[in-house]
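Asks: Listed below, chain by chain, are the residues.
There are 2 protein chains.
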Amino acid sequence: MRKAATIRDVAHAAAVSTATVSKFVNGGQRFSREVEARITAAIQQLGYRTNPLARGMITGRTGNLGIVIMDIRNPHFTSFVKGASRAAAEAGMNLLFADAAESRAPELALLQALLPQVDGLIVSARMPVAVVEWLREWARKPVVFYGGLAPRPGLHSVGCDNHASGLMLGRHLRELGHRRISYVGFGAAPWSKDRWEGLRAAFQGTKASLQCFDVPAPVAEEGERIASSVLLDAQTPEAVVAYNDLLALGLMAEARALGFRVPQQVSIAGFDNIAYGRYTTPSLTSVDTGSEATGEAAARHLLGLLAGESDLALHETIATRLVPRDSTAARGSGSGKP
Amino acid sequence: MRKAATIRDVAHAAAVSTATVSKFVNGGQRFSREVEARITAAIQQLGYRTNPLARGMITGRTGNLGIVIMDIRNPHFTSFVKGASRAAAEAGMNLLFADAAESRAPELALLQALLPQVDGLIVSARMPVAVVEWLREWARKPVVFYGGLAPRPGLHSVGCDNHASGLMLGRHLRELGHRRISYVGFGAAPWSKDRWEGLRAAFQGTKASLQCFDVPAPVAEEGERIASSVLLDAQTPEAVVAYNDLLALGLMAEARALGFRVPQQVSIAGFDNIAYGRYTTPSLTSVDTGSEATGEAAARHLLGLLAGESDLALHETIATRLVPRDSTAARGSGSGKP
DNA sequence: TTGTATGCGTTATCAC
DNA sequence: GTGATAACGCATACAA
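Residue numbers (UniProt numbering), protein chains in the order written: chain A, 1 to 338; chain B, 1 to 338.
Bear in mind the hints are in silico, worked out from the structure with no lab data behind them.
A portion of the hints provided could be inaccurate.
Cut-off 30 Å, straight-line C-alpha distance, at most; resulting in silico cross-link-like pairs (BS3-like, lysine-lysine) [unchecked claim]: (1) Lys3/A to Lys193/B; (2) Lys141/B to Lys23/A; (3) Lys193/B to Lys207/B; (4) Lys3/A to Lys23/B; (5) Lys141/A to Lys193/B.
Throw the hints in and build the complete structure from the sequences for me.
Replies: Structural data, given as structure tokens:
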């Protein structure tokens, strides 16, 4: 097994200088027919590929985009990564991936490990403020936050309008005649509050009563765990809205296990419109937050920043849309047997 | 904004040579109290971090592990990535991620882009043979295949025993009294056949009749699409086994839409034990293929290869386990209303 | 225990 | 058009 060919090998084989080969490889210059042919042949024959590390040393570019995900098992983030992956691939960039939940190191160490290997970063807007400050001060590379607004003004971000999304879902429930609503939030994400306030806004002027709960992690297990507290509360809710679909899935399963009929006795809804909401019984009403589109937008935004585009908005808003399914209905309606 | 500190800056600030700083940073040598203190202080004050690109040029190591996933939206692969991510993080390595389904480039180009940026690769065993050959010849870096056995002998791989898994599920169905079984396979994955043969083996010596179908992609939509062909076939199956849980999810949804009662009229089961199988109605019987453990094992195996461990088995087998749930039952049993 | 010198593979600058 | 050469930031053999 021989070592990989270098630019010098090519230069030698083609009887030109390394500088010429470099210019040829990177395009943007004209060459004599002769030289062009020789270089092409040499590259072909030696199987030469330019070493991105060496190039990076000079240009300061790695060809990688860094992406830090809070928990890849959440289908919302999975789709997000998929969208970002597509945009990166189209631009010829690689994706350097880190799962914050899996790293035993604190977020800061994680970013420090990622940073020197990437040209820019896509990170969650629910990063600790101290980490964001560090990024702002030390990362001389563009950063795009996702989820909600960046934790500090002046930073780039991509996400949906969470207040509007909450409002949208709230109106849906209001139209169904629900008046006792419980929200199971995830306080660690700042925009959980936005969803909650949007929800409340939808009931402004009505005699509706809204309650707020909170879970320590936005996962199905927590939804199951908190279900009894929510449903057997002094105020029995007519509708339960969860911060995301995973929580909603857990809530719904446990609600049924507790003997509640969904949606006849209690409507349940979430956010994100994950694929599996279609396959539950009843199927899950949700607000589609454009997971994949958000990932794609985040990557494109970052690429724009890298390209030096100056007309980039600080925040990019992704459209959301209500996806009404069977888990929400006017009380007592339907047969309960699909 | 000042540029990032280099080893020279540190050396200068500490009044030592760059070589000394390098040795200090990379450990494995003793220093005088004095020098140690000065270097530590300088590093601290300048916020120095060694540049992995520059280091990589010398050592030939990037600090990255490459991972090529067929479709990150499949929860099986998501868990796989999670496991690999954990193992990589523990070893202080980053994960360079690529989604083959999202790349418009052919697999080969994808690998070529990844290869120079990583120390080793984790790739699906269902890569085209031509690509594997190329890898074998040109990638002078260790590769670990996942899913099933490597496409060529002599290559490292990690995966479960697919034949045994099929057998396990087959016995379960046999014990439930089923005799007309349909398998919805995914021929593009070579081990789909292993599952099928394991399934068949479970019914050897009985008068059972087994049918085989095939889908072009192992996703829920394909399960829905093929459901009517499978269920309304000349031989109405008592049980349908799908290549994976996504297919099973789609099959089950469509089966119910077609008016079939699951599991009273037809049992349905899959492979992988994805999290969402718990939240369907009925909950989905599956064979847990140890998705996350496989990812972790693949990464560890790769790390072992990188560390030059010589006692590494060529193939590592991950344990599987049957997870019986409500979607499989003896015919006519149960009430159908949980 | 510490320092000197060299080279990793590439691009950029400037000369020809 | 093409070539010489100096960086880029670091690790390592070897010298002291």
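Asks: Any of the earlier hints contradicted here, and which numbers?
Replies: 1, 5
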